[in-house]
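> Just so you know, the sequences run in chain order A and B. Position one of the first sequence corresponds to residue 1 (my numbering), numbered consecutively onward. Position one of the second sequence corresponds to residue 1 (my numbering), numbered consecutively onward.
No lab work stands behind these hints: they were computed from the structure. A quick note: this is a predicted structure, and the numbers were derived from the prediction, not measured. Check the hints yourself; a few may be wrong.
Restricting the straight-line Cα-Cα distance to at most 30 Å, the calculated cross-link-like pairs of lysine-lysine (DSSO-like) are [what the hints assert, rightly or not]:
| # | chain 1 | residue 1 | chain 2 | residue 2 |
| --- | --- | --- | --- | --- |
| 1 | B | K20 | A | K81 |
| 2 | A | K7 | B | K4 |
| 3 | B | K59 | A | K7 |
| 4 | B | K118 | A | K19 |
| 5 | B | K64 | A | K5 |
| 6 | A | K81 | B | K8 |
| 7 | B | K108 | B | K131 |
| 8 | B | K59 | B | K20 |
Covered by chain B, per the in silico footprint, the following chain A stretches (three or more residues, Cβ under 8 Å) [as the list claims (entries may be wrong)]:
| # | region |
| --- | --- |
| 9 | 21-32 |
| 10 | 38-46 |
Glycine included, each C-beta is placed from N, C-alpha and C at the ideal position.
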Amino acid sequence: MAKVKVKYFGRLRELLGVKEEEYEVGETTLADLLLKHIPERHGEVAEEWKQSVFMTIRGEVAVNRDGTPILRNYYVLVGGKSPEITYRLKDGDEVAILPPVGGG
Amino acid sequence: MKVKISEKLDDLNSLLSEIKGASSEIGAVVIFVGAVRGTGRDGGRVLRLEYEAYEEAAKDSLEKIIEDLKAKYGIIDAIVEHKVGSASVGEDTVYALVASKHREEGFKSIVELIERLKHETPIWKKEVTDKGSQWIENP
Chain A
1 MAKVKVKYFG RLRELLGVKE EEYEVGETTL ADLLLKHIPE RHGEVAEEWK
51 QSVFMTIRGE VAVNRDGTPI LRNYYVLVGG KSPEITYRLK DGDEVAILPP
101 VGGG
Chain B
1 MKVKISEKLD DLNSLLSEIK GASSEIGAVV IFVGAVRGTG RDGGRVLRLE
51 YEAYEEAAKD SLEKIIEDLK AKYGIIDAIV EHKVGSASVG EDTVYALVAS
101 KHREEGFKSI VELIERLKHE TPIWKKEVTD KGSQWIENP
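Extracted from the complex, chain A is given alone in its bound form:
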């Protein structure tokens, strides 16, 4: 099992009502975390989460030709770097999900 920390900011922090939380996952990719684990834990806002983070077509998450989900204009960092959505999570990873920025 891998224990990963997930950080939320801005509208996502507000949506989920939490700044950061931990997930214990088995063989899991970043896409699984975003599509399955997080919305499962936050079932009451799962639909809004999906619509916020992913491109959707008629309510369904849009996917690339290889079947990977397409993020809306969000960045996901793991350990400060931007990996592929197929990245396999490792124990101790810190995932940060960043909405479009608005500083200044």
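Knowing the structure of chain A, use the given hints to seat chain B on it.
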């Protein structure tokens, strides 16, 4: 170089003295001050802005921007401070100072610095007006 993400910005005059002390070759310091506007995107009267940052990543982002500007324009030094937390109308939220030998590279750098800050640096703001509230995405 100094970058700071904080609930309280330092005194601007102190920052000016600090950056001028970086080198005797400095011939120009260009300063940008960002402040809270009284009218919101929704046309309402702004009550406050609420800023938050992914602090470690925001600092890395600002340091990278300054390093890039040093390499591109040959500026001597830069300081950037950005507020987090609640800010009321008229309050300063950003200080950016660029020190250079001549004005031209300073002017170019300050524009690029602020544009990149607004589009790259992981900082978010929520605008709260008398009509409601919304998270602002920079265009």
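> Taking the hints in turn, state whether each one holds.
Against the structure, the hints come out as follows:
The suggested pairing of K20 (chain B) with K81 (chain A) is violated, with an alpha-carbon distance near 35 Å, which exceeds 30 Å. In summary, the hint linking K7 (chain A) to K4 (chain B) is supported, as the alpha carbons are separated by about 21 Å, within the 30 Å threshold. Under the criterion of a C-alpha separation no larger than 30 Å, the hint pairing K59 (chain B) with K7 (chain A) is consistent with the structure, at around 17 Å. Restraint check: the Cα-Cα separation between K118 (chain B) and K19 (chain A) comes to about 22 Å, which is no more than 30 Å; the hinted pair holds.
Of the pairs offered as hints, the one joining K64 (chain B) and K5 (chain A) holds, with about 25 Å between alpha carbons and a cut-off of 30 Å not exceeded. A threshold of 30 Å between alpha carbons decides the hint, and for K81 (chain A) with K8 (chain B) the separation of about 29 Å falls inside it, so the pair holds. Taking the CA atoms of K108 (chain B) and K131 (chain B), the gap is about 37 Å. The hint is violated against a cut of 30 Å. At most 30 Å may separate the alpha-carbon atoms for a hinted pair to count; K59 (chain B) and K20 (chain B) meet this at roughly 22 Å.
Only when three residues or more bring their CB closer than 8 Å to a CB of chain B does the claim for the region 21-32 of chain A stand; here the count is 0, and the claim is violated. Proximity of the region 38-46 of chain A to chain B, defined as three or more residues with a beta carbon under 8 Å from a beta carbon of that chain, is not established by the 0 residues found.
Violated hints, in rising order: 1, 7, 9, 10; the structure is consistent with all others.
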